[in-house]
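Visitor: Residues per chain, in single letters:
2 protein chains.
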Amino acid sequence: MIRHTVVFRLKHAPGSVEEQSFLQGGRALADLPTVQRFEQLRQVSPKNSFQFGFSMEFDDQAAYDAYNVHPVHEQFVRERWQSEVEDFMEIDYIPL
Amino acid sequence: MIRHTVVFRLKHAPGSVEEQSFLQGGRALADLPTVQRFEQLRQVSPKNSFQFGFSMEFDDQAAYDAYNVHPVHEQFVRERWQSEVEDFMEIDYIPL
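Those protein sequence lines, which keep their order, are chains S and H. Positions in the first sequence are counted from 1; adding 2 to them yields our numbering. Positions in the second sequence are counted from 1; adding 2 to them yields our numbering.
Calculated pairs, EDC-like style, for lysine to aspartate or glutamate (alpha carbon to alpha carbon, straight line, at most 20 Å): (1) Lys13/H with Glu88/H; (2) Lys13/S with Glu88/S; (3) Lys49/H with Glu88/S; (4) Lys49/S with Glu88/H; (5) Lys49/S with Glu92/S; (6) Lys13/S with Glu92/S; (7) Lys13/S with Glu81/S; (8) Lys13/H with Glu81/H; (9) Lys49/H with Glu92/S; (10) Lys49/S with Asp89/H; (11) Lys49/S with Asp62/H; (12) Lys13/H with Asp89/H; (13) Lys49/S with Glu59/H; (14) Lys49/H with Glu76/S; (15) Lys49/H with Asp62/S; (16) Lys49/S with Asp94/H.
Honestly, the hints are just simulated from the structure, not real lab data.
Bound-form chain S, shown alone:
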């Protein structure tokens, strides 16, 4: 199992229509064939400046790679992520 997470901050005003539209657009990632346990999360620790997180799990690296190159993922990155995300960090976990 590989858990892929990304924590991020949007350029949009909190609570704005644009923010909701971005999150709604991201839900399409949940339906990609190798994605499991997709979650959209709100980041609430005051110890960092990120606002949201996406988390998903893959069976193995091949499943992760298939997600990365899936046209729906690539389109989301190109058309939404690159222009609407102010800052982000990717963290990937495997069981210890």
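Since the structure of chain S is already known, use the hints to place chain H on it.
Guide: Here is chain H on its own, set in the frame of chain S:
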């Protein structure tokens, strides 16, 4: 539900006895009364420099607060975390 996560890098050499001892010590946190779904994880993304993660869930803020002030947690922070962790970031999530 609040998911508390911390991603970190140790001062110890990878694979060292000291690294294993630190992780073993951290397992005591899993048994604290309000901690659920405790996980020790290896961070594998090359896009950040952290090595490990702990993840746990709490029913609510009161359960999280009880963990924070529990003597076993405070002892672990004071006797292990503060001297053996080189860098870390806390990320807390709630469902969106």
